[in-house]
Amino acid sequence: MQIDELPEEIQGLIEQLDEAAEDEDEEAVEELTEKLLTTGVDMEALTLKKLSISVMDGEEEISAGWTKVALKIGIDPFKTLLEGLAAGMSLIGDKYAKGEAFVPQLMIASSSMYGGMELLAPYMEANTSGEEPSTVVIGTVEGDVHDIGKNLVKTLLSANGFNCVDLGNDVEADRFIEAAKEYKATAVSMSTLMTTTMAEMPKVISMLESGGLRDKVKVMVGGAPITTDYAARIGADVSPDDAAGAASWLKEIITSSPSNTDRWN
Amino acid sequence: MATEMTSRERFLAMLNNKPVDRVPVLTGSTMVVEYIEKSGGKWPEYHSNPEMMVNAAGMMYTDAGLDTVVVPFGMFVESIALGLDVKMGRIDIQPSVRSFFKKPEEVNYENFLENPYVKTTIDAIKLAKEKYPDAAIVPFLVAPVTLAGDLMGAENLSMLSIKCLQKEKQMEKMEEWISIALEINKIYAQACVEAGADLLYYSDASASPNLVMPEFYYKVGVPVEKELGDFIHNMGCPWELHICGDTVPIIEGMAATGADCLSVEQAVDMKKAVEIAGNVPIVGNVTPLLMVEGTEEQIICETRKGLDGGAKASMLGCGTPPLATSDRLKTWVKAAADWSAEKL
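Protein chains in written order, with the numbering used here: chain X, 1 to 265; chain G, 1 to 344.
Simulated from the structure, these hints should not be mistaken for laboratory data.
As the structure is a computational prediction, the values presented were derived from the model and not from experiment.
From the three backbone atoms N, C-alpha and C, an ideal C-beta is built for every residue, glycine too.
Incorrect hints may have been included.
[Said to hold, decoys possible] If we take Cβ atoms under 7 Å as the criterion, some of the chain X residues that face chain G in the derived model are:
(1) Ile10
(2) Gly12
(3) Ile14
(4) Gln16
(5) Phe102
(6) Ile108
(7) Val145
(8) Thr195
[Unchecked claim] In silico BS3-like links for lysine-lysine, alpha-carbon gap of 30 Å or less:
(9) Lys68/X - Lys173/G
(10) Lys95/X - Lys167/G
(11) Lys68/X - Lys167/G
Only chain X is shown next, with the shape it has when bound in the complex (with noise of 0.2 Å):
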């Protein structure tokens, strides 16, 4: 759907809508969704639309508002998730890895993803599919508290339907081992921004050699300092670019690789 291709009188409600969910409004924002609803309008595929793209502004109050306007006119929460929100956050990451975005653009557009998913959550029942999403094990090493690099890796996976089990930042080495183990993980991604502690990386890749694991798991290692050769060096699988590119890179690699099931027994 394109907005600016609309009818004005629609386009204007919209804009007005964005307003009402700007100074969290509710009523306004109610009122408008059914104006909105009387001119006939593709309302799901409007609502799917406006989310995407507040997300990647990172408008986080109007990103809520169409959150409330998705649940209003009952569409399904994990479509207004998967469809909208993290959509929403694709776009920006894509534009991140061309180099056309920077990092706080993708910080504020995680907030409003995840503001979003905040709302959706009591309406989320359980995944009935019976498909079980991969786990990636995920944390900042040991000595090293910057995280942001790592949430952005978090959020763009998560956008993309793994199940991040977030250990932190500062994370010992053997909490990365632990959690492999017990969550089954498809992946262990390690991050660090500092010189000075990029040698725990290795130490969590030979002791998942030394428990029998390394086969089970890919390792996935980032951050400023780490590069390629690094990366083949300490034997680790990959070091993706960025955030888009370790979820992208990931993506490709389990379509591949035996599933978890047969990995892990």
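Assemble chain G onto chain X, guided by the hints.
Frame of chain X, contents of chain G only:
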């Protein structure tokens, strides 16, 4: 080439674009395990014991042959003195700030100079001046944008840095945090200059294009760094500015702060940076990890590459890693000296 100079003379000449006998070799933070152990330092005492601190930091000058003695070890002193939680790390891991304030009103810096860690820096500067009069004594300090980020949390800084460009109200919030950071910076700077520092080395790690947008740096970062820099210059002391990441998009702004030299990391194309910075000396940009696991050839190659690119001093792209080895540090200093003998 100038006649033989002391490290201090060499360093100050470089800052003033005057001839040097060899290019200076400089360091940022210097918590090097080998030197701590050789000088009898004990963790975590060496963070609060000026003597242990100076003895370890001094070996970068006396043993490795660098031109600066840099104290303290790490970017946590300002935060711990303000009452934030700091995890002290290990002998090979620098302390890190673990908490932040919710509101600017919570920040109390009335007794900042009374804090034992701040006092350690001040005493260490005095002691280093006494022990190593021919070295350049350089305190390693947290610059205003980064300090504001420590106060409000780095994630909040990054988000507010974009929101403040969009909305006036958010800009007011940002300015409130920044002005507190600046006040603290000035108090600490004055004490360091009065203790005899030869230059104040500021890291504004969080002003990096990796974390905030260049537009924010130009609008907020440059003016606040300049204000701090002018304050330092008025006391008759030079200052150096380091920002992490590929800083080419903001070098022009860094040069406009009035800093006496700019330190850049290995992600930066030295030639480009030098071209943009004009008369402001650029220093850098050897990969720090080479001091831990680099071969002699790699160290020489990177040192020469930076200097060939126009760097006025050789410096690591970030602090010296704790696991750096003295033989590699010496290889680096020799590489800079050999380059100087050939090219100066």
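Going through the hints against the structure:
1. Ile10: Constraint on Ile10/X not satisfied, violated at 26 Å.
2. Gly12: violated, 23 Å
3. Ile14: violated, 20 Å
4. Gln16: violated, 20 Å
5. Phe102: At about 5 Å, which falls below the 7 Å cut-off, the nearest Cβ of chain G leaves the hint on Phe102/X intact, so it holds.
6. Ile108: Since the shortest Cβ distance to chain G is 5 Å, the answer is holds.
7. Val145: With Cβ-Cβ at 4 Å, under 7 Å, it holds.
8. Thr195: holds, 5 Å
9. Lys68/X - Lys173/G: With Cα atoms ~29 Å apart, Lys68/X and Lys173/G stay inside 30 Å; holds.
10. Lys95/X - Lys167/G: It holds: about 23 Å lies between the C-alpha atoms, which stays within 30 Å.
11. Lys68/X - Lys167/G: holds, 24 Å
In summary, the structure is inconsistent with hints 1, 2, 3 and 4 from the numbered list given earlier, while agreeing with the others.
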